[in-house]
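S.K.: In order, the protein sequences belong to chains G and A.
The letter at position 177 of the first sequence is residue 252 when you use this note's numbering, and the numbering goes up by one with no holes.
The letter at position 135 of the second sequence is residue 210 when you use this note's numbering, and the numbering goes up by one with no holes.
Treat the hints with care, as some may be off.
To spell it out: a stretch of chain G is covered by chain A in this simulated footprint if at least three of its residues, at any positions, have a beta carbon under 8 Å from a beta carbon of chain A; those stretches are [stated by the list, open to error]:
id	region
1	142-152
2	276-283
3	363-377
4	407-416
Which bits of chain G does chain A cover? Going by a derived footprint, with three or more residues having C-beta under 8 Å, they are [what the hints assert, rightly or not]:
id	region
5	90-99
6	124-131
7	215-222
These are computed hints drawn from the structure, not numbers from a lab.
Predicted model, so just to flag it, every value in this text is computed and none were measured.
For glycine and all other residues, C-beta sits at the position ideal for the given N, C-alpha and C.
There are 2 protein chains.
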Amino acid sequence: MFEPGYTPLPLSRLSQAIRPPIIVDLMSRALANPDVLSLAAGFTDNEVLPRVMIRDIVAELTREGLPEEPLQYGQNRGREGLRALSCRALAGHPGEQASGLDPEKVFITNGSQQALYLAMQALCDPGDIVLVEEPSYFVCLELLKGLRLRPVGIPCDARGGILTEGLRERLRALDAAGERSRVKAIYLVSYFCNPSSHSLGAVAKAAVAGVLSEEGFCLPVIEDAAYRDLYFEAPHPAPSILSMEAFAAFPKLYLGTYTKPFATGLKVGFGYCTHPVWLEKMLCMKGHQDFGTSHFNQAIIERVLAQGFYAEHLAGVRAHYAAKATMLNEVLEKGGLQQSGWRWERPAGGLVIWLRGPAGMHLGMESDFCARCIAAGVLYVPGDLCFAEGVPKNCARLAFGSLPPDKLRVAAERFCAVAAEFSA
Amino acid sequence: MFEPGYTPLPLSRLSQAIRPPIIVDLMSRALANPDVLSLAAGFTDNEVLPRVMIRDIVAELTREGLPEEPLQYGQNRGREGLRALSCRALAGHPGEQASGLDPEKVFITNGSQQALYLAMQALCDPGDIVLVEEPSYFVCLELLKGLRLRPVGIPCDARGGILTEGLRERLRALDAAGERSRVKAIYLVSYFCNPSSHSLGAVAKAAVAGVLSEEGFCLPVIEDAAYRDLYFEAPHPAPSILSMEAFAAFPKLYLGTYTKPFATGLKVGFGYCTHPVWLEKMLCMKGHQDFGTSHFNQAIIERVLAQGFYAEHLAGVRAHYAAKATMLNEVLEKGGLQQSGWRWERPAGGLVIWLRGPAGMHLGMESDFCARCIAAGVLYVPGDLCFAEGVPKNCARLAFGSLPPDKLRVAAERFCAVAAEFSA
């Protein structure tokens, strides 16, 4: 093999803008302590993976002569059966308009992440603005910056609920700055939000639509429902934007996934897009990126849904994560965090707890607190990564998805111990 | 569900540039004849899919407690084991430098298609130029245009071999036109090219490197080896660009796939990139697009390779496609195409035969010939789709991948019958 000296290469402007995920930097710092337990990783729990179910389904799918051969290429937009079943699953959520969902508006993607990427590619040019909650999904913020877009924060209360008058002010400020035409979409993580674990109620969601309408911003709305299936006690009652009259006039894209709640290794998600041209453009782009998500994995998910195994399996998954959330919550309570001024909501779904430290506390990547946690053997996601504008610095995301209960407890106790040091 | 009138949406410039694949248009025309047999589709043969092998491997992979849980998320760049085995497989090709291949330079993608897309995103800005063979892989041409890039053709002989002096002239013309700095990469489909079925010999490949060097175009070279494993009698003897001293000074990306030769439904490919910054940027972009290719499918392919099943299975696949190629070739010969001035090479690998009709014959999408073929019940890919500049019009690609032998024969006979009509 020939290894010339590394030659500088003229790279694209996209390449110049994009950065490796900050979380990778964090993980590599954590390597300094081999004993570290991660409350940062967004992985799910190996304990609840549907191994036997998938083995049995693959045994069925590898029989000869199936009408739509799963090991052969499929269509770019995804299997017809899976698209229809995705509509049926969507219609099963509380509050949804059961009729009228159209499988032709569904496209299957490599996790819902790909649909998000395609959506931004289709809508936005470099320099354009996307409105995001504060806090929002930090990978989306990085994705936007990687496409040379500008995430602009929507003011939210401490729990993550959108402040509608704050949104109005933000829109007016953008208008006053001559940026109205640069605002291309609004992105809402409206069910058990990663990171805030907050869900947008129907009234609050309608209020967002109202402000957007009143201010003349009839924007494409992207609703990320990746965690909607991962409720603990009961599904969140708010219908999606697809079924709310308040959003009737808006172009809409709803994102769902079978990866996160069911089997992360399969990487199958979907988008439901109400706007035919937007949809067509995303499909063209997907055709160039990969011609369609693994047909085999689509066939697996299709059968899981068709045979009712998905709902069955998720019942167990929900109980499992609910128990872990309860336990993490208890350890934090017993660890005395509240007494020293920390605040959080006990989540009703999802995979994370969002902590707000005492005002003025610095929990960012470069903070002493973060370094001390790594030394003490625990890793978290610094909350400032989740804000478009990079403030505040006193938040932290603790994920309870992947660690087994005993380690989860130890990790949380380590976190509390560091918090105690810093409040002393 | 609320269906407002479809509102015009301000879409990105990428959206404005991108078009649905032309082949979709062709397919939809073909729907007029339900009896049509497709020599156009690039699908593989259901007959040779490794169903039992995959069933058995999945049974192993769904056991509890495997060290790298296949149903869990993996790393963005792909499984370490699969990356190492990809190097080993690469080193096994004739002429390759066995030592020095580095798994850290491999990244696993959703088919090699995604690696191609990432490569172009990382290197090129809108308006930039990529050099391509004439003819070249038509999906790559569409992909380039969809990214607002300009494919520029490298003059080739009738068989698809690169004319080095033609390349030199093209480079000089670009330089004279002030476009030197816009030329960002050269893309070569060098093994059993889709569509020409031509392979670039070592001498010819070195000559390309020579001309590029002499003219001061030390470009990133992308070698698409998607069909390299699908030889009929013997592997093509030319080493890849990774092992050729002539390419030592060039930044290189080699593309391979496990999808096409083995199981198209799994959609697992890879790139091997010698340039650390280029590689890093592609990985960043992949992270935003999907966080990594299905970990489950990667684990399947890893095990197939590790246990030697891949080589074993491909032996049968090669014999199967060789027989179909022979048969298609015979039907074309018996159909009298040569007598009426058609020319082609019998392929030594791959999944297509590339036909050159008599000079002046028009086989394009809008031709009478194409319409007559659809009426007669056979579909082909008009060759002009495979040229950056859209000429010549007298070529056609016939794919023998998916049709079973009896239908393949009928389809080819229909094609010959239409050709006979037009030469009468």
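S.K.: None of the hints should be skipped; say for each whether it holds.
M.R.: Evaluation of the provided hints:
no.	hint	verdict
1	142-152	holds (count 6)
2	276-283	violated (count 0)
3	363-377	holds (count 11)
4	407-416	violated (count 0)
5	90-99	holds (count 5)
6	124-131	holds (count 6)
7	215-222	holds (count 4)
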